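With chain H held as given, fit chain C onto it using these hints.
Each chain is listed here by its residues.
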Amino acid sequence: MRTPLFDTHVGLNARIVDFHGWEMPVWYTGIKAEHLATRKACGLFDISHMGEIYVSSQGATSFLNHMLTIDIYPMEEGEVKYTFLLNPDGGIIDDLTVYCIKPEDTYMLCVNASNKDKDFKWLVSHNEDLCLLKDKSAHTAMLALQGPHASDILKACLDFDLENIDRFRFRMHTMPEFGDLLISRTGYTGADGVEIFMANEYVIALWNEFVKKGATPCGLGSRDTLRLEMGYPLHGNDIDEHTTPFEARLSFAVDLNKDFFMGKDALIKHKNKGLKKRLTGLELMEKGVPRQGHVCLKGDKEIGVITSGSISPVLNKGIALCYLDSSITEGQQIDILIRNRRVTAIVKRPPFVKG
Amino acid sequence: MNFPDGLKYTKDHEWARINGNMVTVGITDYAQKELGDVVYVECNDVGTRVEQGGVFGTVESVKAVSELYAPVTGTIVEANKTLEDRPELVNTDCYGDAWMITIELTDPSELDNLMDAGKYEAYVSTESK
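Residue numbers (the numbering used here), protein chains in the order written: chain H, 1264 to 1618; chain C, 75 to 203.
Hints were generated in silico from the structure; no laboratory data involved. Note that this is a predicted model, so its numbers are computed, not measured. Hints are not guaranteed to be accurate.
Stated by the list, open to error - No more than 27 Å apart at the CA atoms, straight line, and that leaves these computed lysine-lysine pairs for DSS-like:
1) H:LYS1564 x H:LYS1534
2) C:LYS137 x H:LYS1550
3) C:LYS193 x H:LYS1580
Isolated chain C (complex conformation):
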């Protein structure tokens, strides 16, 4: 399983790519494997606010409906429209083409609450037992 080094991770299996005060968000390789074939992705509108740990959308596979949780508090400034027609990208390229939203964050100290790749990998190995 893949846990890229440059990203931060949440306990709910989202990843965050930080670029100044812009945080791009998606779900991890572990999450997409657990879900199986993804058939639907829905995110809150651009312009809406999210809280750290709050729901920003829903991802659905054939067998499951899963909520998406924001890694940081802020405003959604971008949403990936490609996932509307190609939800399967979540399974094939979860860290690249299947990015879901970008949040303009309000409180950079919130990033300290996120895990790095090593911590997340350890967390996943206990989750899967």
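Excised from the complex, chain H in its bound form:
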């Protein structure tokens, strides 16, 4: 599968890779250069492969409140929340953002590309005629504009003032050349900026306009190193159907005060039993590249495993997310087994750099 920008990426000499069935740019000039451009200036990301599921009509609020961990009822028009779809065991089917387009009427779920079909099937199977579900992913393109200069470029291209919306809020903004845009002050990089949803036919023109005004095209490689520096989880690595939000230290996205949501009972049972392991971070004290699957040791005892790892382009040292035994505390030194070598690391809760 290809986004509408595929030919544009090829024209920019992007290295194209398969990403869950999508042919996506992993880098254009290089992961490090693109990462630093986002931290220092402005990066532009084609994330049109993400899924957009619309939930509407009278039963929408109650249905979503049943299926998602966050409380939907208090959401105002223009509000965005990070939340989960859980299975009955409390495991994370997907992490996503929910957009309140019109309270009690219309919501949009932005879901991971790799999980979109699974999420839609899951929602449909639990619907019982409560509301209308529409998968609009195939008709919706998405760009992320992130970095300290994002606000200037947004003003120059769209005459849109970023200071007029708060973080985790969105606005509709219509331009004759770009159609109806949903501009959201959200992101996956830790930098200030926006994510923009639009109809497919406008994304090439908007991409070109952003690049003309100084945004640097950035691929999925730098998207991954940027989110890792912030400690943001990636579904499939740091969270999956066998991990719960509490183990992953994401309880802020769970409203235990709700009477009911899918997976609530299991979560409470887990919490009462006590969590055996927790997601935390590691900063390497020696040379080496931590990667998913590398085992963590304290002396001869296995204490955990790495779920995401890389070299931080800002710090020039290895950083990782890992599940460690709950007894291990921040500041402790542990070893990572990288091939046959023990590499010392210090336990450090992310973020590893300032956003």
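Same frame as chain H, now just chain C:
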């Protein structure tokens, strides 16, 4: 892409610079482009033996881990310590500052198994299809 004439090349995309019985080794322009940003280089210790086609180390980029294969049999007599702190040299100067090891070779006839620049360039164009 760059394939300097004075060097010999392997199918695994290493280059070899021959000086008497001393062979300096690195990875080619094609290899560094395929890897992307190199973040780590690790080679076997000076004094250890390698076989032609055997592993003498590892090079890692953000997205990939790749083994390094010796173009000739012999003893590692030198290793480039600069790459420990500056692995990015592999991307910017793969034939110069990013040399990796020097091998004192035992069997000069092994050099006949290596490709010259022309053959390697042809090999790369079929690899990349």
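Verification of the supplied hints:
1. H:LYS1564 x H:LYS1534: Roughly 25 Å between the alpha carbons, so the hint for H:LYS1564 and H:LYS1534 holds.
2. C:LYS137 x H:LYS1550: Holds: C:LYS137 and H:LYS1550 sit about 17 Å apart, inside 27 Å.
3. C:LYS193 x H:LYS1580: The given pair, whose Cα atoms are some 39 Å apart, is violated under the 27 Å limit.
Hint check: a violation occurs at hint 3 only; the rest are consistent with the structure.
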